[in-house]
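One letter stands for each residue in the lines below.
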Amino acid sequence: MNILVCIKQVPDMESRFKVNGTGDWYDEADLAYRMNEYDEYAVEQAVQLKEQLGNQPEITVLSIGADRVGEALKKALAMGCDKAVQVQDSDSARKDPWQIANIISAYAADKNFDVIFTGMQSQDRGSAQVGVTVAEILGHNCASTLVGFEYADGVVTAKRELEGGVKSVVKVPVPALVTCQLGLNVPRYPTLPNIMKAKKKELQLVPVASLLKEEAATGTEKLYPPVKSGGGIVLEGDLADVADRLLGILKEKTTVMK
Amino acid sequence: MKALLVCEQREGKLLDTSYELVAFAERLGAEVSLVLVGKEAQAPKITGKLYLADADKYGEYNPELHKHIVVAAVLKENPDYIIFPHSSYGWDLAPRVAATLRVGQVSEVVNIVDGKFEVSLCNGKLRRTVAPKAARAVLTVQAGAFNYTGQLSGAPQVEAIEISQGSSPLQFVGYEPAEKKEVDLGRAEIIVSAGRGVGKKENVAVIADLAKAFGGELGASRPVVDAGWVGHSHQVGTTGQTVSPKLYVACGISGAIQHLAGMKKSDFIVAINKDKEAPISEAADVMVVADVLALAPVLAEKLRAA
Ligand SMILES: Cc1cc2nc3c(=O)[nH]c(=O)nc-3n(C[C@H](O)[C@H](O)[C@H](O)COP(=O)(O)OP(=O)(O)OC[C@H]3O[C@@H](n4cnc5c(N)ncnc54)[C@H](O)[C@@H]3O)c2cc1C
Numbered sequence: 001m002n003i004l005v006c007i008k009q010v011p012d013m014e015s016r017f018k019v020n021g022t023g024d025w026y027d028e029a030d031l032a033y034r035m036n037e038y039d040e041y042a043v044e045q046a047v048q049l050k051e052q053l054g055n056q057p058e059i060t061v062l063s064i065g066a067d068r069v070g071e072a073l074k075k076a077l078a079m080g081c082d083k084a085v086q087v088q089d090s091d092s093a094r095k096d097p098w099q100i101a102n103i104i105s106a107y108a109a110d111k112n113f114d115v116i117f118t119g120m121q122s123q124d125r126g127s128a129q130v131g132v133t134v135a136e137i138l139g140h141n142c143a144s145t146l147v148g149f150e151y152a153d154g155v156v157t158a159k160r161e162l163e164g165g166v167k168s169v170v171k172v173p174v175p176a177l178v179t180c181q182l183g184l185n186v187p188r189y190p191t192l193p194n195i196m197k198a199k200k201k202e203l204q205l206v207p208v209a210s211l212l213k214e215e216a217a218t219g220t221e222k223l224y225p226p227v228k229s230g231g232g233i234v235l236e237g238d239l240a241d242v243a244d245r246l247l248g249i250l251k252e253k254t255t256v257m258k
Numbered sequence: 001m002k003a004l005l006v007c008e009q010r011e012g013k014l015l016d017t018s019y020e021l022v023a024f025a026e027r028l029g030a031e032v033s034l035v036l037v038g039k040e041a042q043a044p045k046i047t048g049k050l051y052l053a054d055a056d057k058y059g060e061y062n063p064e065l066h067k068h069i070v071v072a073a074v075l076k077e078n079p080d081y082i083i084f085p086h087s088s089y090g091w092d093l094a095p096r097v098a099a100t101l102r103v104g105q106v107s108e109v110v111n112i113v114d115g116k117f118e119v120s121l122c123n124g125k126l127r128r129t130v131a132p133k134a135a136r137a138v139l140t141v142q143a144g145a146f147n148y149t150g151q152l153s154g155a156p157q158v159e160a161i162e163i164s165q166g167s168s169p170l171q172f173v174g175y176e177p178a179e180k181k182e183v184d185l186g187r188a189e190i191i192v193s194a195g196r197g198v199g200k201k202e203n204v205a206v207i208a209d210l211a212k213a214f215g216g217e218l219g220a221s222r223p224v225v226d227a228g229w230v231g232h233s234h235q236v237g238t239t240g241q242t243v244s245p246k247l248y249v250a251c252g253i254s255g256a257i258q259h260l261a262g263m264k265k266s267d268f269i270v271a272i273n274k275d276k277e278a279p280i281s282e283a284a285d286v287m288v289v290a291d292v293l294a295l296a297p298v299l300a301e302k303l304r305a306a
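For the record, the sequence lines run as chains A and B.
End of the first sequence sits at 258 in my numbering; the numbers just go up one at a time, nothing left out.
End of the second sequence sits at 306 in my numbering; the numbers just go up one at a time, nothing left out.
FYI, nobody ran anything at the bench for these hints, they're computed from the structure.
Just so you know, even glycine gets a beta-carbon here, dropped at the ideal spot from N, CA and C.
Keep in mind that the hints are not guaranteed to be accurate.
[As the list claims (entries may be wrong)] Rough simulated footprint, nothing fancy, chain A against chain B, three-plus residues with beta-carbon under 8 Å:
id, stretch
1, 120 to 127
2, 132 to 138
[What the hints assert, rightly or not] Taking lysine to any residue pairs in the SDA-like style, the calculated list, with each CA pair at most 25 Å apart, reads:
id, chain 1, residue 1, chain 2, residue 2
3, A, K213, A, L53
4, A, K253, B, Y148
5, B, K264, A, V166
The whole structure should be built from the sequences, with the hints applied where relevant.
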């Protein structure tokens, strides 16, 4: 069996975000980057599937981006992936989901992956398009938003999360692509020996121009901070003082503090 | 301008998201037609043309078949926009339709600004306007962003839709109902919720104690539930419960769009967060910039003394 995991590197969401000079993306300087949370579940599930199948399958992990994505790839290798592919693109933020999906599909087209794992969305863009679109382009079966994954005899049994705590169960024959949601599993921490081993694993570099043949289907016009609707009060400072002021406000403005 | 709205039903019931699409199309100023895999009895109560594919024949949810049905409706209707709810149904189906038609998709639209589609970026810390490059595009619309206030009185003009594809390799096995409820947050007057910012399971007790001091119930954001720190019935948000208490206190919660969707109708919102810029500040009436683990015991103490 042959497994592909697609991961993205995203800024830590607790960062302070500023709009860049051209007004069409956030300023990437001074941000701390990490693996997209949803993709951590994807990597973990791929490694669990490999373990279930007696460590036979080979897992390729792929990321598109500037050289810093090497860090996220190394983490995936240390978690148990076998080889990494960096599609070199210092301008990946300006590619739309259609182009990103086409880059991945172009890479995967001739490699006979049986199962492809992606996150359900990225934390920065949140478009929730890339995984499903890759499946569509490759003609693979697909199930999205997995909170449960089982595999037996060429069939993935996927538990999909719907709204309000309801789930649906679908059987998806391979070749299949699944997108992973929060709560699917608990991603492992790479151990020191595995981090050392990961350093020896293959990292293949592929220029984006060799894979991308499609124009963008959508474009960013403008970026801006959200308009504050509440005009809310901000309280800061000494804890006891803040607590008193808060309780004062609640007494004045709500009916719950009798 | 024409919009084809992809309505959603589950287990024989039309979902309210279908009406949110109508509200969105009204904002766009588009002429509306609808498509539904379901039964005529579930048709939205509005006027317009409804392309109906029979649920008995095409199944509860089979993305392959539903994709062909929507595409068949697109070919008949020739719309500028094909619009889905940004729900487990919409985000699974929309990219399939967009790829088949080879058109662009804009996901999770929250607003329309100068004819462009506004979406949220970086967990709500930024906003972005996106424009499709071609005349035709697929859109998904954020739940709760557009409310339908019109009357539910019309009856659509139904046209049956059939496709030649009868089966698909995907097999729908069934639904699993939500876990049984430990708490009914829907009726609580005060909810104090713990987010990932509380750090670890043991610290949830600090927030639970604050909830008790307020005489309210304990709520939670999703990561707290996923980590098993509290049961699912405490979860507030699109995949948890929608609540509207008199007071909502969000402790260590960033204010992701899916959490906001579940609690923004609360009468009064207090956020306690060490990050002043956290998107929850947008919704909060009072934003307390503090370490919640340090503040919560002080606040609980004062509430008990009062
Ligand atoms: C399809 C889908 C459905 C979803 N459904 C839901 C849902 O129903 N409900 C839901 O909540 N989420 C849902 N989510 C997840 C959602 O996108 C966010 O991931 C989640 O709400 C984040 O939870 P959080 O705010 O607790 O954690 P984080 O986003 O990690 O935020 C933690 C916050 O705590 C603050 N903090 C850290 N330490 C402290 C401290 N000591 N004192 C004070 N503040 C501190 C940080 O500044 C930060 O703002 C869904 C996601 C998807 C994709």
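> Which numbered hints turn out to be false for this structure?
Replying inline: 3, 4
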